[in-house]
Amino acid sequence: MKALTVAKYILQSQDQEDPDVTNLKLQKLLYYVQGFFVAKYGITIFDDDIEAWQHGPVVPTVYHQYKTSGNSIIPVPQEAVSLEIDDEQIAFLHEVLGVHSQYSAWALREMTYQELPWKLAFNNGKTISTEFLGDFFRERL
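FYI, the numbering for the sequence shown is 1 to 141, going by our numbering.
Read the hints as simulated data drawn from the structure, not as lab findings. Please note that the accuracy of each hint is not assured.
[Stated by the list, open to error] Distance condition first, Cα-Cα at most 20 Å in a straight line; then the derived SDA-like pairs of lysine to any residue: (1) LYS67 with ARG109; (2) LYS119 with GLU139; (3) LYS2 with MET111; (4) LYS119 with TRP53; (5) LYS67 with LEU4; (6) LYS40 with HIS94; (7) LYS126 with GLU51; (8) LYS67 with GLN54; (9) LYS40 with GLY98; (10) LYS119 with ALA105; (11) LYS126 with LEU141; (12) LYS2 with GLU115; (13) LYS2 with LEU116; (14) LYS2 with THR44; (15) LYS126 with ASP48; (16) LYS126 with MET111; (17) LYS40 with LYS67; (18) LYS40 with PHE132; (19) LYS40 with ILE85; (20) LYS2 with GLN54; (21) LYS119 with GLN102; (22) LYS2 with LEU24; (23) LYS119 with PHE136; (24) LYS67 with GLU51; (25) LYS67 with ILE85; (26) LYS119 with ALA39; (27) LYS119 with ASP49; (28) LYS119 with PHE137; (29) LYS40 with THR130; (30) LYS40 with SER129; (31) LYS40 with PHE136; (32) LYS2 with SER13; (33) LYS126 with ASP49; (34) LYS2 with TYR66; (35) LYS119 with PHE132.
[What the hints assert, rightly or not] Restraint-style ranges between C-beta atoms, simulated for each label pair: (36) LEU141 with TYR113: 17 to 23 Å; (37) PRO77 with GLN114: 30 to 36 Å; (38) ARG138 with ASP86: 21 to 27 Å; (39) GLN114 with ALA80: 34 to 40 Å; (40) PHE132 with PRO19: 15 to 21 Å.
All C-beta atoms, glycine included, are put in the ideal place defined by N, C-alpha and C.
Could you put together the complete structure from these sequences and hints?
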């Protein structure tokens, strides 16, 4: 699955509960979704790489899709994406979002700064290893 599909689902599902999703916040939510999914299931929920950028983990394809929003709230996509995501994945997304969407974009950014996947990748080549991401989050399940 593409990260953009997961991102669109996050934006649609958070519209009622957390309507203030900016690109910065979306990037951090994708990082936590991917990390916990790999930790729990041993596979990725989306195929795109996550990179360690100055403001924390970023999925470049999703960032570029929504960069015109700047620091503003991203408009909710109207096209249906729930058919591409199965019920187990939807339940999982809501579980992770239920915990992490309560934080502001800047709080999530600060949280990722304290975590080894971002720290190591930022200092050593940018791409966050999926294997390391899974190992790191497995300890936090």
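*Please flag the earlier hints that this structure goes against, numbers listed from lowest up.*
Violated hints: 3, 11, 12, 13, 17, 20, 21, 25 and 40; rest satisfied.
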